[in-house]
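Residue strings, one per chain:
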Amino acid sequence: MATPITDRLRAVLCAGGLCAGVLAVAWLNAGCARLPYTTRVIQQDPRVTVTLQREIEPAKYGHPIALTAAQVNEILRGFTIRKQVSLPLRWFAEEEPPNQLFREDERLVLAPALAEAFRQAGPGERLYFELTAPGQNPRYDRDLTAGWLAIRGPLLHLTIEYFHVQTPATRFSPYDLYYPTPRAEARSYVLYFEPGRFWMLDRNTGQRGVEYEAFLKTGPVPRER
Amino acid sequence: MTSARLFLTVLAGILVCGAQPAGAVETGKLIEKDGKYVFVESQDPAIKLLLERSLKAGLITQEEYDRVMKESETRAYLLQPTFKLWYDRGFNFSVSDNLFFLKVRARFQFRLTQRYRNDAWRNPGDAKNFPELLGVFGDYRANRSEGNSTQFNIRRARFYFMGHLFDPDFKYFVQLRAETAENAQSPGSLQLFDWYFSSSRLPLLNLQFGQYKVYFNRAQINSTASLQFAERALVMDAFTASGLDRRDIGLTIMNDEELYPVNYYFGLFNGAGPNFNRLGSFESESPDGTSGTTQRNINSDVRVDFDRVMLVGRLMWNIAGRPGYGEGDIVYSETPQVAIGGGYAWNPAINTSTNNNFIGIDLANLNYRRQLAAFGNGRQLGWGIVDYSTWNLDFVAKYRGWSLQAEYYSKNINRHNKGLPIINTATGPVPAAGLLGNASGWYVQSGYYLIPRQLEVAARYAYWDPDTRAADDLVKQVDVSLNWFLNSTYDHQIMLTYSNIAMGTGGYAIARSAPLPNGFGTVPLDARGGTLIENLIRIQYQIFF
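Protein chains in written order, with the numbering used here: chain A, 220 to 444; chain B, 92 to 636.
Think of the hints as simulated: they come from the structure by calculation, not from any bench. Hints are not guaranteed to be accurate.
[Stated by the list, open to error] Capping the alpha-carbon separation at 27 Å, the derived lysine-lysine pairs in DSS-like fashion look like this:
(1) A:Lys436 - B:Lys147
(2) B:Lys161 - B:Lys147
(3) A:Lys436 - A:Lys279
(4) B:Lys175 - A:Lys302
(5) B:Lys139 - B:Lys175
Produce the complete structure using the sequences and hints provided.
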């Protein structure tokens with residue numbers, strides 16, 4: 220039977236070793252980014268935030284690129300969205316028509332900032348955006364639509380992380396004071412683009428994107444309002 | 092379609108529709124009014140289509156189209172119901188254009204605890220830091236146990252009602268608890284935990300009043316729902332503002348932490364703990380008005396020093412960013428978040444026992460004493476009336492999933508009776524071997540998200556000297572935890588925490604249940620048995636919905 224002092228020594232050494240290991244790993248990795256991080260803020264106001272984010276993995280995007288706000292607006296108009304539903308509900312949810320991704324008023328405020336971001340973004344940067352509006356509890360909640368865009372080859376890729384999600388406007392609950400309210404993890408959505416012939420599959424990445432140049436050639440882009 | 096398939100389709104349809112959150116409708120516009128955006132519903136899409144076709148065909152003019160659209164939107168807005176009900180981190184209910192708002196939440200922590208204790212826990216056990224006070228007289232007992240224990244426990248069962256009244260700046264918060272503590276001697280019951288109102292109308296002068304956690308030190312302001320370990324360290328609980336409990340009844344003025352980089356908190360409290368006030372604390376008195384009797388057949392309860400209040404101040408400087416109060420960097424801060432803070436609390440005239448030196452000999456109110464024992468301050472029992480003067484310094488830093496938090500505590504205990512107390516022992520009354528010292532402690536903890544925003548590993552070391560005049564009484568604690576935050580918030584999490592706690596048995600317990608009968612032998616409360624060692628593994632599931 221081990222003596223108490225041996226017990227203690229063993230426990231302390233074990234725990235101390237674990238602690239030291241944790242701290243060592245943490246200190247070594249603390250400076251390394253493991254999620255895309257903001258490099259430039261293009262626009263930030265209560266309605267729209269557009270930033271450039273540096274990718275962690277090497278990326279060779281087709282940025283910078285000159286697109287007008289009207290062209291961006293026209294591209295955004297074509298997107299529809301449906302929430303990714305897991306099986307078995309997916310069998311039935313597929314029958315629901317997708318929603319239009321952006322309303323007109325949203326496109327009008329978002330497109331100019333995205334056009335500017337396309338002009339400034341580097342090959343390793345993606346365009347992150349947030350559209351916020353007052354939520355159900357307008358003082359403390361926000362209705363959030365957020366995601367990011369990038370151009371790879373001939374395709375413009377769009378990923379939506381939040382689609383009209385109610386999210387707290389403050390870092391901690393205004394009622395349960397100092398209880399943090401971090402944003403919940405990004406959700407999964409299924410995107411579509413109309414006309415469908417421009418919604419192409421990138422065989423290298425397995426992701427779909429809009430063949431935007433071909434799409435923009437198909438018709439006149441409406442005047443900017 | 093067979094009836095079975097029809098049934099399944101309808102059932103699935105209900106599930107699918109029922110599972111949809113309240114999303115934005117497709118038609119309508121955000122109208123900016125008075126600097127705020129208001130979503131105004133527009134008309135039925137079919138009518139809108141007809142109007143647009145009519146406009147295009149020249150059947151109506153643009154002016155007519157605009158007028159009808161505007162009238163229709165106004166009508167739709169006015170016809171909206173005056174209440175809203177939705178789910179988002181709780182069940183939300185809003186009426187009268189959000190003049191009244193109620194959020195109902197619940198929190199559930201389910202825990203499996205495996206304990207391994209050494210032989211010292213069997214004898215002598217812990218008679219000094221966490222003693223047990225039994226019965227209506229509060230008989231003072233050593234806390235002993237055999238080696239191993241496996242326990243399931245609902246560690247926290249909480250119900251929350253929060254929101255605002257009249258306007259969003261006048262808020263209320265109610266918390267009820269229904270759990271049973273792991274070492275409780277009787278099942279728990281529903282109890283009021285928090286009830287406070289707060290006004291944030293003046294950002295520089297927010298006001299909060301009611302019963303709540305005192306804004307004193309970081310470890311206690313942090314919610315138990317947002318910790319890096321399954322439980323706070325023992326040293327954190329031992330240095331509350333009042334010296335009794337982390338909650339109290341009173342009021343606090345403070346500025347808005349969202350707006351100002353330097354934050355102050357100044358509070359005035361009973362200093363008697365939750366659901367209690369100083370009028371409830373009494374001691375026994377002989378018919379002739381003298382105290383200090385060792386008899387129970389006395390007939391007066393006397394209340395002294397109940398004109399005192401507890402004063403608490405805290406100052407915090409957000410040096411970089413806003414690290415906030417949750418533990419760990421769950422949000423994966425893109426820029427460094429650093430803050431330092433400090434607090435001071437003065438809680439006068441706490442009666443740790445009547446001045447006959449015994450806890451259990453007379454009929455006195457036991458509330459203070461039970462709080463002292465429950466928070467690990469058993470060594471302070473039996474020293475008469477004391478003033479607690481406690482201060483702390485804290486530091487926090489967060490960056491890209493890494494976090495560091497540390498805190499130092501010091502508590503000065505000023506006895507009103509300066510002499511050596513008399514202890515009744517098996518051989519008769521003797522002067523105590525020495526005087527009670529002060530208390531100090533600190534901890535440092537660090538965490539790192541192996542998977543950003545989801546999987547964290549954290550470690551902590553805590554040190555506590557419960558009596559600076561006693562030897563071999565140190566409490567040292569090491570914790571390591573692996574935490575999985577299922578949806579990148581604190582609300583839904585699974586923790587696996589390992590702890591090693593070593594408590595010295597040095598010093599002595601003055602607040603014994605005495606007098607002991609002659610020939611009783613060794614007084615167990617004074618026994619020293621090396622170090623009490625406990626190894627714990629806690630597996631905890633939390634859902635906050």
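Here is what the structure says about each hint:
| no. | hint | verdict |
| --- | --- | --- |
| 1 | A:Lys436 - B:Lys147 | holds, 25 Å |
| 2 | B:Lys161 - B:Lys147 | holds, 18 Å |
| 3 | A:Lys436 - A:Lys279 | holds, 24 Å |
| 4 | B:Lys175 - A:Lys302 | holds, 23 Å |
| 5 | B:Lys139 - B:Lys175 | holds, 26 Å |
Of the numbered hints given earlier, the model fails none.
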